[in-house]
Amino acid sequence: MLSRVADSIYWMSRYVERAENVARFVDVNLNLIMDSPTTDQQWQPLVNTTGDHADFARRYGPVATQQNVLQFLTFDRENPNSIISCVRAARENARSVREIISSEMWLQLNTFYLMVNSAASSGKGFEHPASFFSEVKLASHLFTGVTDATMTHGEGWHFCRLARKLERADKTSRILDVKYFILLRSVSEVGTLYDDVQWVAVLRSASAFEMYRKRHGRMSPMAIVEFLLLDGEFPRAVRFCLNSARDSLHAISGTSGGANGKHPDKQLSRICAELAHANVHDIISTGLHEYLDRLQTNLNSASTGIYERFFATRVPESSQAARQKTQ
Amino acid sequence: MNLSGYQVGDFFDEMYENDGRPRPAVCPLVRKIESLSPGELANRQLEADRALVQAGITFNVYGESAGVEKTLPFDLVPRIVTASEWDRIEKGLKQRIRALNLFIDDLYHDRKIIKDKAVPPDIINSSKGFRSQCVGINPPRGIWCHITGTDLVRHKDGQIYVLEDNLRCPSGVSYVLENRRLMKSLFPEVFDASKIRPVSNYPIRLRDMLEYLAPETGAPPRVVVLTPGVYNSAYFEHSFLAQQMGVELVQNSDLVVFDGYVWMRTTNGFERVDVIYRRIDDDFLDPETFRKDSMLGVPGLMSVYKAGNVALANAPGTGVADDKVVYAYVPRIIKYYLGEEILLPNVPTHICAEPEGLAYALEHLPELVIKAANESGGYGMLIGPHSTREQCEEFAHKIKADPRNYIAQPTLALSRVPTVVDGLLEGRHVDLRPYILYGQDIFVLPGGLTRVALKKGSLVVNSSQGGGTKDTWVLASDPATADQSRGGHA
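These protein sequence lines map, in sequence, to chains A and B.
Numbering-wise, my numbering puts 125 at position 125 of the first sequence, and it's gapless, one number per residue.
In my numbering, each number is its position in the second sequence, counted from 1, plus 327.
Here chain A stands alone, though its shape is the one from the complex (with noise of 0.2 Å):
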């Protein structure tokens, strides 16, 4: 497969599944604020949660609102990180792989850009946000599910997979760590409920509750933590994804031979072993910030050697138009 498709596949997977999370995000949090009796509303968290925090400060001031931090995430053209941005970002990578993917993912891709644009311009997406984000999410699911149905199972499905495990772990883990502290100061309250309002909306950012509930019954939050971090089969869950992304790292490495540069594979084997090991009574203990930093740092370097093993060949060394770019 050409290195431009590879990369092309694996940004337009990246970029459904983040405006996915974004819809989720921004959903749960409507529904919280409805909840909350209080005039507090916990809109700077969301900003946070997508790292886009200083970019949001200059162009919109240092109060994050509602209606700001709506626009912000969903219509911002100027934030690549919104959700028009993200599913036209798909949208772009897509036409450029158009050959290569099914024609089904193309028209359910093109669909849900022609959707996204005319909320934006009839002014839906604010007077009714939440079908406006259940379309989304619904949108996103359907294009996974078609690629699941109608793309070969190959080196280019395995590519959207990994993408989009790598990117749906990142965002489970940012909305553990920015609700962290939320949860950290209920273990030192052992026994009382701090907010269980809280937790409810944390689970929901990731699709979570009902199946929690499944898992572990009642709310505490360790379990909370250890479900979405550590669970080994909940499709959201930190672990899972980073498993299903290992699995189809190894299945595009197999197919493609010999290894140059760094091994990704080996970076993403790491960290799943240390998944599967880790105890999330050490992890509070010693600080679930700390580690979830630590694991932010390790899955971007393993996207940087995914980039440099598979996106990024170079002319070998051996060869004279190397030897002349050298001389």
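Since the hints were made in silico from the structure, they are not lab data.
These figures come from a predicted structure and were not determined experimentally.
From the three backbone atoms N, C-alpha and C, an ideal C-beta is built for every residue, glycine too.
Take these hints with a grain of salt, some might be off.
[Stated by the list, open to error] Derived, one-sided and incomplete: chain A residues facing chain B with beta-carbon distance under 8 Å:
no., residue
1, Leu2
2, Arg95
3, Leu107
Guided by the hints, dock chain B onto chain A, whose structure is given.
Same frame as chain A, but now just chain B:
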């Protein structure tokens, strides 16, 4: 739906005789349209438009911000060509391409045609499409123009004329295939009744032709389509053709030249490329050979090509035969190389470089169309009947100053085809671009792209100026009564 209100007008109508009777070949279609309830045609037209937007079958518009995409308007009513007429067109096109290929090869080698004074030597000097870098090159299998889109028009006299040759990177064939797919889903019954020659095998023939050009390596040849990128106006087509052929679509950054070959960067390292169907103009192909500022090209590509280690389709340098002055000489070119009379006539053309031609052009300026040799897309052109006296005089000066650069042709009244306008049918002018592949043999795709000027009275079919497209149906065989219909314009 009642079609009795349709006005044939003072033109050749592709669907109706002058007296308003439908031509025999179109009867099944006319019956179908008449059987539709009022409003149904408009509904199916809407359905077709929606399908195009949904499928993202778009072209990019230059001059607007990057990423602006439009759909090419598609009209439901097809243009129908009878079997016998098509056979004549096909023979004429094959003759023309064979001769033009010999002509190009001759120009880049011995120039016998000039030595024999069949065409003037100026023909090379005045052509913007001539590439001195290609002199002496022997392209694989001796073929230069692998893919050609020749524009045809029918005049009021019923005769089909060649309007111009497109030998560089003709586009539009993807619309032929997509239009047909759409029509089959919208009017399946008519296809059963009419027996229409299929077009869907084009990508197969295209790939066969490209593989035929590959250097002998012992391995299966690797063919790629080279696109300038996603913002090119014809990007959809590049992507579509690559997909339909099952080959990689590459951009210049995917290709690199080293060790005497062209390679593409893959997730598995470098893989050798044997044939490049390039949709990039000559000037941008290789900054080491052509324009140094090209950001789209592959440095060193031409050296690999000259060494015979990669094939390029079309061969660089074919633009020399796209020239409008060269066009005027095509009847003589065919005569010179093939010893045959031209089968599919040129529009009668007066060459201003020749004294008689110049005198005629200046005298009849207000009736004529004047074209500059190296311009396209309607630029550098005078349409006499639509111009003021001042504009004519201005052109007369230009022609006198540089007669070699101009040709003059009569103003043609393009034929019309009924077209959906506000749910009813009105006549609109059309042309036709068939696609010709030159590989082991010459293949002409039955039909081609019918472009239609959607504005009332307009003769401009270009998509940038309000043009749309129609499906083109070539009948497998003519209906029994076809002789009557042909009588009028044979």
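A closest beta-carbon separation below 8 Å is what the hint needs, so does Leu107 of chain A meet it against chain B? holds (7 Å)
With 8 Å as the cut and Cβ atoms as the points, is Arg95 of chain A at the interface with chain B? holds (6 Å)
Mind checking the CB of Leu2 of chain A against every CB in chain B and telling me if the closest is under 8 Å? holds (5 Å)
Going down the numbered hints, you'll see the structure goes against none, and every one checks out.
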